[in-house]
Structures are given as C-alpha cells and as structure tokens.
Amino acid sequence: MAIHALISPSPPSPEPGTILLETERLLIRRYMLSDAPALAEIGNDPQVAIFMSDRFPNPYSVEDAETFIQNLNPQHDPTSPPEYPTTWEVGYFLGRDFWGKGYATEAVSAWARWMFETWPELLRIEGGRYSSNPRSGRVMEKSGFVFEGVKRSAVVKDGVVLDELVYGLLRSDVEKAST
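If you read the sequence shown in our numbering, its first letter stands for residue 1, the second for the next number, and so on.
Keep in mind that a hint or two might mislead.
[Said to hold, decoys possible] No more than 30 Å apart at the CA atoms, straight line, and that leaves these computed lysine-lysine pairs for DSSO-like:
1) LYS157 / LYS101
2) LYS101 / LYS142
3) LYS142 / LYS176
Bear in mind the hints are in silico, worked out from the structure with no lab data behind them.
All chains, full assembly: derive it from the sequences and hints.
If you want it as structure tokens, here you go:
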C-alpha cells in the first residue's frame, strides 16, 4: 500500500531557523540547536512539565532538548509526509512567563491557517489535552478547534491515569469562517 504524501506548491525550507510564519507579535520558525537550553528550562518548570507528555523526560536536560530537536518526528515535520496525510496534529508548550497573554492562541490560530494554505490537500488538524489542562482546551477552542470527545483513561502522567480530550479543526471550518 503506497502512502499518499501531501504536496505543497511552496513548501518551507527544512533548514533550522527557517521562518515559517509571522503574526503581529510572533515569529514562528523551525527549531535550532541553540534553542535547546531554553526548551530545557521551560520543560523543567514543574507547572509546565505537569501538562507535557510522559515522552518528555523529567528532568529535561539540554541534551534531551537537543535530541528532541534533532529527531523531530517526521510525522510532525511540515516538510515530511505524515502517516495519515490528510490529518496532522498540533502540540505546543509555553513558558509560564508567557501564559495568559494570548500568545498560544495567536500562534495556534496562525499556524493552523498557514498549514491549510501551505498544504491544499490537508483536511484536518487535531490536538489533544489532558483532562487536567483546561487552559489548553481554551487555546484550541479560541483557535477554531471543536471539542470532539474524550478518550477515557488514555494517558498516564506521573502515575496518574487521565482522560485525553480531543479537538479538531477542519479545512471546511476555516473556509467557512473566512467567507
């Protein structure tokens, strides 16, 4: 069975640091290895780490962050075809100093629009959050994502079984909103 890869008429460069898009207050670019110390600092904040996937080691070292940057899952790399080419996933984490200022919503909203513009065959973007992280749900809802359901007892975080809440944004939703 052949995998159908999405083709972009103007794909972004895979080079580290490539600017993907800009908003009024934000510049969204590819990670660079020099970002590793900042990622490690954010990832080691207990109030941030509690909402991060258990795939992130705790403590989160600079070496862990470098490995993350070097080995980004190609499924989540906008220049590589995902396993399900018409559905991509959004994930994000933000330093506590930037919470409550609208940065996450601004970034997710702009990124989602950019994804649909850049990959014309992309039909859906989805994201999930732990039941213990309602702020992330608000980010997704403000960004146009629709709550779709609960995956009960889907994750274990620090030994605690949690539900995962799933949100989706369809190309057709974005197109309707812009008309």
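Results of checking the hints against the structure:
Between LYS157 and LYS101 the CA atoms are separated by roughly 27 Å; this keeps the pair inside 30 Å, and the hint holds. Under the criterion of a C-alpha separation no larger than 30 Å, the hint pairing LYS101 with LYS142 is consistent with the structure, at around 13 Å. For a cut-off of 30 Å, the pair hint linking LYS142 to LYS176 stands: about 16 Å separates their Cα positions.
The structure meets every hint from the earlier list without exception.
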